[in-house]
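Colleague: One line per chain: the protein sequences are H and U, in this order. Numbering that gives the first Met the number 0 puts the first residue of the first sequence at 0, with every later residue one more than the last. Numbering that gives the first Met the number 0 puts the first residue of the second sequence at 0, with every later residue one more than the last.
Bear in mind the hints are in silico, worked out from the structure with no lab data behind them. Note that the structure is predicted; figures quoted are calculated from it, not measured. Just to be clear, a hint being listed does not mean it is correct.
[Unchecked claim] What follows is a list of derived Cβ distance ranges for each label pair: (1) U:H206 x H:D107: 28 to 38 angstroms; (2) U:F227 x H:M105: 26 to 36 angstroms; (3) H:N103 x U:K313: 57 to 67 angstroms; (4) U:E99 x H:F81: 40 to 50 angstroms; (5) H:A77 x U:N325: 39 to 49 angstroms; (6) U:E153 x H:F81: 15 to 25 angstroms.
[Unchecked claim] Taking lysine to aspartate or glutamate pairs in the EDC-like style, the calculated list, with each CA pair at most 16 angstroms apart, reads: (7) U:K253 x U:D229; (8) H:K102 x H:E129; (9) U:K225 x H:E129; (10) U:K272 x U:E298; (11) U:K225 x H:E133.
For each residue, glycine too, the CB sits at the ideal point set by N, CA and C.
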Amino acid sequence: MRDKTLLLELNIIRRPNTNLVVLRALLDKEYTRIDFGYIATNHFIKGGWIRIAAETYLKIHGDDQKYKLTHADNIPIAPDHFNFQSNKDWQFFSLYFDPIPQKNMMIDIIEAENPDANDFNYYGIELNIENAVEILNIHY
Amino acid sequence: MPINKSAYRRYKVIDSCLRNKMKKYPTMQELVEAIQEKLDISTTPNTVEKDLKAMKLPAPDGFDAPINYDSSKRGYEYLDPDFSISGVSLNSYDIDAIKEAIEIISSIGGSRVSEKFSHAVEKMLSSVQEDLPKSDRERKIIQSESISSGRGFEHFDLFFSACRERIPVNFAHYSYTNRTFKSITIHPIILKEFENRWYVIGYSELHNSLRTFGFDRIYSPLTIRKEFIDTPNKIKEEYLNDVYGVYPLRDGKKEKIIIHTRPLISNYFRSHKVHDSQEVKILERGDAIITFNLVPSMELVRLFLSYGNQLVVKQPKRLVDYIEQNRDENAR
Numbered sequence: 000m001r002d003k004t005l006l007l008e009l010n011i012i013r014r015p016n017t018n019l020v021v022l023r024a025l026l027d028k029e030y031t032r033i034d035f036g037y038i039a040t041n042h043f044i045k046g047g048w049i050r051i052a053a054e055t056y057l058k059i060h061g062d063d064q065k066y067k068l069t070h071a072d073n074i075p076i077a078p079d080h081f082n083f084q085s086n087k088d089w090q091f092f093s094l095y096f097d098p099i100p101q102k103n104m105m106i107d108i109i110e111a112e113n114p115d116a117n118d119f120n121y122y123g124i125e126l127n128i129e130n131a132v133e134i135l136n137i138h139y
Numbered sequence: 000m001p002i003n004k005s006a007y008r009r010y011k012v013i014d015s016c017l018r019n020k021m022k023k024y025p026t027m028q029e030l031v032e033a034i035q036e037k038l039d040i041s042t043t044p045n046t047v048e049k050d051l052k053a054m055k056l057p058a059p060d061g062f063d064a065p066i067n068y069d070s071s072k073r074g075y076e077y078l079d080p081d082f083s084i085s086g087v088s089l090n091s092y093d094i095d096a097i098k099e100a101i102e103i104i105s106s107i108g109g110s111r112v113s114e115k116f117s118h119a120v121e122k123m124l125s126s127v128q129e130d131l132p133k134s135d136r137e138r139k140i141i142q143s144e145s146i147s148s149g150r151g152f153e154h155f156d157l158f159f160s161a162c163r164e165r166i167p168v169n170f171a172h173y174s175y176t177n178r179t180f181k182s183i184t185i186h187p188i189i190l191k192e193f194e195n196r197w198y199v200i201g202y203s204e205l206h207n208s209l210r211t212f213g214f215d216r217i218y219s220p221l222t223i224r225k226e227f228i229d230t231p232n233k234i235k236e237e238y239l240n241d242v243y244g245v246y247p248l249r250d251g252k253k254e255k256i257i258i259h260t261r262p263l264i265s266n267y268f269r270s271h272k273v274h275d276s277q278e279v280k281i282l283e284r285g286d287a288i289i290t291f292n293l294v295p296s297m298e299l300v301r302l303f304l305s306y307g308n309q310l311v312v313k314q315p316k317r318l319v320d321y322i323e324q325n326r327d328e329n330a331r
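One chain only, chain H, in its complex shape (with noise of 0.2 angstroms):
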């Protein structure tokens, strides 16, 4: 199984602010790979920014280990930003952290230690591995 990289559906909306949504989860022997979709509000005349910050990192529930952001597609590393045109817009984005185990787990993805509603901070994010499908091409 774990030269497997497995695919889990999530579709998890952030609270209290629900314009991000953690789309899926990538379990790879390499890396882990988390998908998400940001939609622009009209908090802001042209929808803001989005950026992820360096430190940001997964945790496992009951392991102190931190699992670091290694990499991201579509939106910048702070101090970069990314800035929308309109807050019409929106945003497909990926992370890559180290490779955490392909087993059942509940975890937290970090961006600040203590956040506020615009970070991009989640907590109980539920792997089930029973619910996991193996990728059989991965398309960039």
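Following the hints, complete the assembly by docking chain U onto the known chain H.
Modeller: Same frame as chain H, now just chain U:
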């Protein structure tokens, strides 16, 4: 890797030498001379040596040619005397027809499909020493909408294979209408092009029904190992044939739709059917009552709205209301 055109031409000469019953076992020097003479180019034994090796490669890189060097005869031969790299014989009419087809397909978009096709045909024409038409140098006589550009078109190959091999695909999807992102798994059955946009249609696990997804709203499609869920043919046919466009409105049921058109617009409907079910009844003053039996769709609404006050929807009431509502919104 594609074989280049000049290499094909050399292969063809080599092939004809190896098949020449009057002069068996051509030597390397004779092959070099034959190429120079027939193609009016200069070549070297080293190049021909490479050509012989390339011709021996299995398809699609080569021709699987059973080439052998007979040391006693000091020349080359085909071990199978009936072998030829040109498995088909084309006459001049066939060749002209193929060239025309290539021009038409290239005009339709120069898409990946036509690229692959051109390569295959190039290989075939090279075997009869013909070149592809150089459309870019010639007068363009067909103009059509391009289908090769646009966000998401890069997914074409993946979805095409998934439909053919019946492999489920998971992707991230952004809905323009709802402004929501979702991870979606579909069991794809068909790709559809409509008004220069590409769509994949398949059974969506999330919606528990057949759905249509525009390539431009799909991100990171992944083929997955999962049992393929097929959709009954009757449902497929209804979904695919009874809709104008791609996105059925709400419940997707087939209905009788009646419109009234002014004379100018009637001509367009008379000259080109929007759907197989279309029936036109011309009135005395050139107006028409046109009926359809199909599933109302977003594209049908858009088509009707595009004719402004030259077209009035009479039935069903729900569609009349929907169109009026959209007309109001467009007017804002």
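Colleague: With reference to the structure, classify each hint as holding or not holding.
Modeller: Do the hints match the structure? See the list:
A beta carbon spacing of about 30 angstroms between H206 (chain U) and D107 (chain H) agrees with the range 28 to 38 angstroms that was offered as a hint. At about 32 angstroms, the CB distance of F227 (chain U) to M105 (chain H) agrees with the hint of 26 to 36 angstroms. Distance hint check for N103 (chain H) and K313 (chain U): the Cβ-Cβ separation is about 59 angstroms, which falls inside the suggested range of 57 to 67 angstroms. Distance hint check for E99 (chain U) and F81 (chain H): the Cβ-Cβ separation is about 48 angstroms, which falls inside the suggested range of 40 to 50 angstroms.
Hint check: A77 (chain H) to N325 (chain U), Cβ distance near 43 angstroms, so the stated range 39 to 49 angstroms holds. Here the CB-CB span from E153 (chain U) to F81 (chain H) is close to 21 angstroms, well matched to the stated 15 to 25 angstroms. For the given pair, K253 (chain U) sits about 22 angstroms from D229 (chain U) by alpha-carbon distance, which is inconsistent with the 16 angstroms threshold. Only pairs whose Cα atoms come within 16 angstroms are accepted, and K102 (chain H) paired with E129 (chain H) is accepted, the gap being roughly 9 angstroms.
Distance restraint check for K225 (chain U) and E129 (chain H): the Cα-Cα separation of roughly 13 angstroms lies within the 16 angstroms cut-off, and the hinted pair is therefore satisfied. As the CA atoms of K272 (chain U) and E298 (chain U) are separated by approximately 15 angstroms, the hinted pair is consistent with the 16 angstroms bound. Of the pairs offered as hints, the one joining K225 (chain U) and E133 (chain H) holds, with about 8 angstroms between alpha carbons and a cut-off of 16 angstroms not exceeded.
Consistency note: the structure conflicts with earlier hint 7 alone.
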